[in-house]
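Take a look at the letters that make up each chain.
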Amino acid sequence: MKDPRLSVIEKRLKNIGKIIAVSGGKGGIGKSVTSSLLSLALSKKGYNVGLLDLDLTSPSDHVVLGIKDVAPTEKEGIIPPTVNGVQFMSVVFYTNENPTPLRGEEVSNAIKEILCITRWNNLDFLIIDMPPGIGDELFDTIELFQGAEFLLLSTSSKIVFETVKKLLLLLQELNVPILGIVENMKHYDNGYIKNMCKKHHAPFLGEIWFDKNFENAVGNINKIMDTQLFKDIDGVAENIV
Amino acid sequence: MKDPRLSVIEKRLKNIGKIIAVSGGKGGIGKSVTSSLLSLALSKKGYNVGLLDLDLTSPSDHVVLGIKDVAPTEKEGIIPPTVNGVQFMSVVFYTNENPTPLRGEEVSNAIKEILCITRWNNLDFLIIDMPPGIGDELFDTIELFQGAEFLLLSTSSKIVFETVKKLLLLLQELNVPILGIVENMKHYDNGYIKNMCKKHHAPFLGEIWFDKNFENAVGNINKIMDTQLFKDIDGVAENIV
Amino acid sequence: MHEWALADAVIQTAVEVAQRESLKKITSIKMSLGELQEIEREFFDTALNELMKTHGDLFSKTKINIKTIKTRFKCRACGHQWKLSDTEKTLDEETRESIHFIPEVAHVFIRCPKCKSPDFDIVEGRGIGIDSIVGEK
Amino acid sequence: MHEWALADAVIQTAVEVAQRESLKKITSIKMSLGELQEIEREFFDTALNELMKTHGDLFSKTKINIKTIKTRFKCRACGHQWKLSDTEKTLDEETRESIHFIPEVAHVFIRCPKCKSPDFDIVEGRGIGIDSIVGEK
Ligand SMILES: Nc1ncnc2c1ncn2[C@@H]1O[C@H](COP(=O)(O)OP(=O)(O)O)[C@@H](O)[C@H]1O
Ligand SMILES: Nc1ncnc2c1ncn2[C@@H]1O[C@H](COP(=O)(O)OP(=O)(O)O)[C@@H](O)[C@H]1O
Ligand SMILES: [Mg+2]
Ligand SMILES: [Mg+2]
Ligand SMILES: [Mg+2]
Ligand SMILES: [Mg+2]
Ligand code: NI
Ligand code: NI
Ligand SMILES: [Zn+2]
Ligand SMILES: [Zn+2]
Numbered sequence: 003m004k005d006p007r008l009s010v011i012e013k014r015l016k017n018i019g020k021i022i023a024v025s026g027g028k029g030g031i032g033k034s035v036t037s038s039l040l041s042l043a044l045s046k047k048g049y050n051v052g053l054l055d056l057d058l059t060s061p062s063d064h065v066v067l068g069i070k071d072v073a074p075t076e077k078e079g080i081i082p083p084t085v086n087g088v089q090f091m092s093v094v095f096y097t098n099e100n101p102t103p104l105r106g107e108e109v110s111n112a113i114k115e116i117l118c119i120t121r122w123n124n125l126d127f128l129i130i131d132m133p134p135g136i137g138d139e140l141f142d143t144i145e146l147f148q149g150a151e152f153l154l155l156s157t158s159s160k161i162v163f164e165t166v167k168k169l170l171l172l173l174q175e176l177n178v179p180i181l182g183i184v185e186n187m188k189h190y191d192n193g194y195i196k197n198m199c200k201k202h203h204a205p206f207l208g209e210i211w212f213d214k215n216f217e218n219a220v221g222n223i224n225k226i227m228d229t230q231l232f233k234d235i236d237g238v239a240e241n242i243v
Numbered sequence: 003m004k005d006p007r008l009s010v011i012e013k014r015l016k017n018i019g020k021i022i023a024v025s026g027g028k029g030g031i032g033k034s035v036t037s038s039l040l041s042l043a044l045s046k047k048g049y050n051v052g053l054l055d056l057d058l059t060s061p062s063d064h065v066v067l068g069i070k071d072v073a074p075t076e077k078e079g080i081i082p083p084t085v086n087g088v089q090f091m092s093v094v095f096y097t098n099e100n101p102t103p104l105r106g107e108e109v110s111n112a113i114k115e116i117l118c119i120t121r122w123n124n125l126d127f128l129i130i131d132m133p134p135g136i137g138d139e140l141f142d143t144i145e146l147f148q149g150a151e152f153l154l155l156s157t158s159s160k161i162v163f164e165t166v167k168k169l170l171l172l173l174q175e176l177n178v179p180i181l182g183i184v185e186n187m188k189h190y191d192n193g194y195i196k197n198m199c200k201k202h203h204a205p206f207l208g209e210i211w212f213d214k215n216f217e218n219a220v221g222n223i224n225k226i227m228d229t230q231l232f233k234d235i236d237g238v239a240e241n242i243v
Numbered sequence: 004m005h006e007w008a009l010a011d012a013v014i015q016t017a018v019e020v021a022q023r024e025s026l027k028k029i030t031s032i033k034m035s036l037g038e039l040q041e042i043e044r045e046f047f048d049t050a051l052n053e054l055m056k057t058h059g060d061l062f063s064k065t066k067i068n069i070k071t072i073k074t075r076f077k078c079r080a081c082g083h084q085w086k087l088s089d090t091e092k093t094l095d096e097e098t099r100e101s102i103h104f105i106p107e108v109a110h111v112f113i114r115c116p117k118c119k120s121p122d123f124d125i126v127e128g129r130g131i132g133i134d135s136i137v138g139e140k
Numbered sequence: 004m005h006e007w008a009l010a011d012a013v014i015q016t017a018v019e020v021a022q023r024e025s026l027k028k029i030t031s032i033k034m035s036l037g038e039l040q041e042i043e044r045e046f047f048d049t050a051l052n053e054l055m056k057t058h059g060d061l062f063s064k065t066k067i068n069i070k071t072i073k074t075r076f077k078c079r080a081c082g083h084q085w086k087l088s089d090t091e092k093t094l095d096e097e098t099r100e101s102i103h104f105i106p107e108v109a110h111v112f113i114r115c116p117k118c119k120s121p122d123f124d125i126v127e128g129r130g131i132g133i134d135s136i137v138g139e140k
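Chains as they are written, first to last, in the numbering used here: chain A, 3 to 243; chain B, 3 to 243; chain C, 4 to 140; chain D, 4 to 140.
Bound-form chain A, shown alone (with noise of 0.2 Å):
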């Protein structure tokens, strides 16, 4: 018989405007970052925005933004804590920083509990942070969240583009709705990414230099608005909205 769950995870995304799955199959390319600042840039643009870290055996999110001592409060569902303007959701809620071993059935099955009794505000943007890898939470994040967009990031690099280029050929062909491509952690500009985004019909969505300063910032939100990291995915929201 039908998992219930999966009837009500379309209701509960309804008052969702548009859902935005920062992703790119591969690690350590800013997903995360990206995924932080990006809900906090459109949330001091005025929009209602919502964040969901969906790599639930690495969440980082609550890292780059130095959430902590807040928790969703139990009504007819969970209501996830809104935080500097951005309504959040992750698993650390439930996990306390622990490490978190979970084979790709249970993440799945995680995710569907978690989208059944999430009950978000009345959102212009859901971010969705993504975890690395071609599996169980891409199948998931396409069937569950119908008509999400995804924004793949890449870095300059040769190693990283084979397999952004995996997902991005992956997604054309199950013509899911693709956003575009951002240039993530720029050292120098060689073009390359600008290229692969034309030879591959995809938009090219801006990029993001490498800043060495925003480690310092890491956690601490009024110094993260003050890193050229955030001019910077600023003006990729730009590109968006």
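Since the hints were made in silico from the structure, they are not lab data. Glycine included, each C-beta is placed from N, C-alpha and C at the ideal position. A portion of the hints provided could be inaccurate.
As the list claims (entries may be wrong) - Footprint (simulated), chain D over chain B, 3 or more residues, beta carbon under 8 Å:
1) 68 to 79
2) 116 to 122
What the hints assert, rightly or not - Partial list, computed: chain C residues near chain A (C-beta under 7 Å):
3) 4
4) 5
5) 8
6) 26
7) 47
8) 105
9) 111
Once you've looked at the hints, dock chains B, C and D with the ligands against the given chain A.
Chains B, C and D with the ligands alone, transformed into the frame defined by chain A:
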């Protein structure tokens, strides 16, 4: 009934001296680059070395090392090709660079199949390039490669180490042998990872500086061996043998 | 109180069945609750009743049958099987509350009693399952 | 010819059973081969026979029963079920060879005929399965 493949895996691995799983829980910390160059470095020192790319949905070692136009030979199983002195096995021989979408359960199945049919040479070292995450591949590695030792990578970033720490704590809890932690992509010397190693009782295995010239060497063995990155990894190799 | 969201899922599933099979009334829902999730029956039953009222006559004569399923785990590392009650005493109130919301969090806090591995399957008794939904045209 | 490695797995499993249960002879092995992996029966049977000879008398009167299982897929995106033969014509020789080595590679080359998703389960008929191993003390 028991999966018959599990009965021969031990036998297939019995001529291997030391198995090193290059890991960290996190993506983009240089697992593939380090695995690939560490294999080369050990081979140059005269050891018999194998390299297994276990990141099935985004294999990268063949890109790093520029391996193409080779394939395993079929003989009482399959014998991975030896390239630049390193016996190399990757799912890419069977996927032909196509996107490889696999849920965790299928990843796990594929890993068992690979281990069941792959016939390694007599090796001093088998280096396993692990995918990110704390899931199927991690469990399978711990359960199937009995005695594998973990080499964890981290960058100097708090966001990254928070995830690496989770894997470290889990491995320590499970009494899995930990070779130590290597600090990669250093841009500056802040002592953070060295301190964390002390705090968490893990050996500090060495450091690899960020090498902006590495990208130009990707895929070309001669150029790779001239990079500072290779020299740094050679230093790590010295600490392992 | 997040039981409401779970009850909502059950009722929504029944509504979908009614639509698909053109049923005028749902006469019976048979379901099971996994012990692991520790669903509060009082909240859950109240929620089911409230939610059924919001669908006109569809649920006016629905009999709901709920059975509880004990939780069984099986270790993938060593094959050992055990019951929730074998490990339960080690779980504090906060942990049980976390598992109540997301049962998979069990992998954070529960270990195989024999080999200490977190790599186990929740064989049965995880959360909500629907066994059958029956109605009349 | 990598069939040898698979046959080796089967014989090794039987040897383990014999050791665990202190069996003097293995009298019967019942197993199944999934259609997806396209195991060459001739190579496989030869390998089994060769391998059995390397264990003294243990397999001197073993009857091996092998049945072939048709492959069934089920799409996780849309629920559609289909058989390998429904998609087979689209697979070229090289692809079949890749699937022969690692059946999961099917997810690279096969799509749900109804919704085109690569997110399907191989319900049955994947590779080698052992149904029973029987012996005498
Ligand atoms: N533009 C950038 N400048 C400097 N550091 C960055 C930038 N983007 C990401 N980082 C750093 O790179 C590391 C990986 O980023 P993260 O967002 O965790 O990647 P992912 O979520 O894709 O694994 C973190 O240490 C992060 O602070
Ligand atoms: N020490 C380093 N200096 C410069 N670039 C590096 C270094 N280590 C890794 N990289 C680059 O970082 C990116 C991610 O490395 P990779 O080995 O693919 O990480 P992982 O396998 O952990 O995901 C690649 O573009 C790689 O070339
Ligand atoms: Mg991340
Ligand atoms: Mg890698
Ligand atoms: Mg409760
Ligand atoms: Mg063949
Ligand atoms: Ni509750
Ligand atoms: Ni073969
Ligand atoms: Zn166990
Ligand atoms: Zn389908």
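We went through each hint and held it up to the structure:
Residues of the stretch 68 to 79 of chain B lying with their CB closer than 8 Å to a CB of chain D number 4, which satisfies the three-residue condition for coverage. Counting residues of the stretch 116 to 122 of chain B whose beta-carbon sits less than 8 Å from any beta-carbon of chain D gives 4, enough to reach three: the coverage restraint holds. Given the 7 Å rule on beta carbons, the hint for residue 4 (chain C) holds: about 5 Å separates it from the nearest Cβ of chain A. Interface hint at residue 5 (chain C): satisfied, since its Cβ lies 5 Å from the closest Cβ of chain A, which is below the 7 Å cut-off.
Hint status for residue 8 (chain C): holds, given a least beta-carbon distance of 3 Å to chain A, under 7 Å. At about 15 Å, the closest approach between the beta carbon of residue 26 (chain C) and any beta carbon in chain A exceeds 7 Å, and the interface hint on this residue is violated. Annotation: interface hint on residue 47 (chain C) violated; nearest CB of chain A at approximately 12 Å, more than 7 Å. Hint on residue 105 (chain C) holds. Least Cβ distance to chain A is approximately 5 Å, under the 7 Å limit.
Among the interface hints, the one on residue 111 (chain C) holds; its C-beta lies about 5 Å from the nearest C-beta in chain A, closer than the 7 Å criterion.
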